[in-house]
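Enquirer: So in the working numbering, the last one in the sequence shown is 1279, and the numbering has no gaps at all.
Check before you lean on any hint, since a few could be wrong.
The calculated DMTMM-like cross-link candidates involving lysine to aspartate or glutamate, where the alpha carbons are at most 20 Å apart (straight line), are [claimed, not checked]:
#: 1; residue 1: Lys1032; residue 2: Glu1093
#: 2; residue 1: Lys1241; residue 2: Glu1267
#: 3; residue 1: Lys1008; residue 2: Asp1030
These are calculated hints, taken from the structure and not from any lab test.
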Amino acid sequence: MPDQLELHAVGRLPAPEDNVAIAIRRLAADTVISHAGRIFRLSHTVLEGHRFAVLPIWAGESLLSWGLPFGIAVRDIQPGEYVVNRKMIPVLHQRNVGFAVPEEPNFEDRKLAPYVLDADAFVPGEQALAHAEPRYFEGYARDGGRGVGTRNHVVVLGLTSRTASYVRALTEHLYGAADAYPNVDGIVPVAHTEGGEDAGPNNLELLLRTLAGFIVHPNVGAVLIAEDANAGVTGDQLRRYMEEHAYPQHAVPHVFLSLDGGFARALTQGAEIVRGWLPEVNAVRRTPQPLSALKIALQCGGSDAFSGVSGNPLAAWVAKEVIRYGGSANLAETDELIGAEQYVLENVRDLETARSFL
């Protein structure tokens, strides 16, 4: 009989009650695994990051990861079985994985039902206690109530999608220009896909709010805003929006540059403006700043099976410590939270917060 391997040597269970594990490396068919007093053999070769059953799962029962259901068994599943749905099988064949692929799916995706908050059953979570002593980091204190930055960038911002190629070309043209300035972290483009229509876009308010946020972000030392006068969104609209909503735009060195004079001419103009800012931006120095000034956003960088057992817990620990020192953390992607409402609401302060989150 082949040597037995303990589950922790070949897989991860994000939560103790999970009935499927994540393979931490490619595992050959017939690998013998020991877990919770059971010894089982893998039915097929299991790819790194894919899952296999560690407990019996009867037809109609949920497959659990992080203690949460992600699929429903379409037949009885035994420990050691590679868990696959209908979409996985043809993809594994297409990729010529070099091993026998399960012939039929053994689970189907769980259909998401709208989450309903039971106010009567709600229990407040245990809140993180503040640290007694403050901690500090080296940051850039900004004027105008912009907060404290962790970087000092010159940003080339495209007002609409029509100027996306320009902002990329200008930053490429200026590659290395900031190297002689030790306090400038770089010249970076901000290009996007919005606002290129002839008429105003349906998401105009969201677009203007997002662009305004980029301009006054504390990591920005100066910003060049490139605009196309024929697009559905203009620099005048953005200026008015920032004035009406009291954005501290005058606390940030900035210029609106129209591309009406031609691409080549605008490239020369933009380069002159940005090069002229570099000494001014470089004059800003890092100083000790309290962690209470930190505001961090948690964003998915491309989810895989290990996000939940490595990257996410680390990001959560960092966020918790920032909060305990008086800072703040924001879950920045709404769609990443859909289906996880129950999990998130297991530890919130009060019912009002739970309702606000939903």
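Enquirer: Looking back at the numbered hints, which does the structure fail to meet, lowest number first?
Expert: Going through the list in order, the structure violates hint 1 alone and respects the others.
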